[in-house]
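If you read the sequence shown in the numbering used here, its first letter stands for residue 6, the second for the next number, and so on.
If you are wondering where the hints come from, they were derived from the structure by calculation, not from laboratory data.
Among the clues, some could well be false.
Straight-line Cα separation of at most 25 Å, DSS-like style, residue types lysine-lysine; simulated pairs [unchecked claim]: (1) Lys39 to Lys13; (2) Lys39 to Lys27; (3) Lys46 to Lys27; (4) Lys48 to Lys13; (5) Lys48 to Lys27.
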Amino acid sequence: MDEAAQIKNSDIAEELALPPVKIHCSVLAEDAIKAAISDIKSKA
């Protein structure tokens with residue numbers, strides 16, 4: 006889980022080869038990952 010917490014939107018965009026107009030998708034993905042980690046930790 007610590008590794009997932011280190012994922013940045015730029016990593017996602019690069020891995021998915023997102024064009025510049027779709028960079029906001031990688032920002033949303035990073036936010037979703039961080040929210041999921043927070044949710045899991047709060048339930049532990």
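Status of each hint after checking the structure:
{"no.": "1", "hint": "Lys39 to Lys13", "result": "holds, 10 Å"}
{"no.": "2", "hint": "Lys39 to Lys27", "result": "holds, 20 Å"}
{"no.": "3", "hint": "Lys46 to Lys27", "result": "violated, 30 Å"}
{"no.": "4", "hint": "Lys48 to Lys13", "result": "holds, 24 Å"}
{"no.": "5", "hint": "Lys48 to Lys27", "result": "violated, 33 Å"}
Of the numbered hints stated above, those contradicted by the structure are hints 3 and 5, listed in ascending order.
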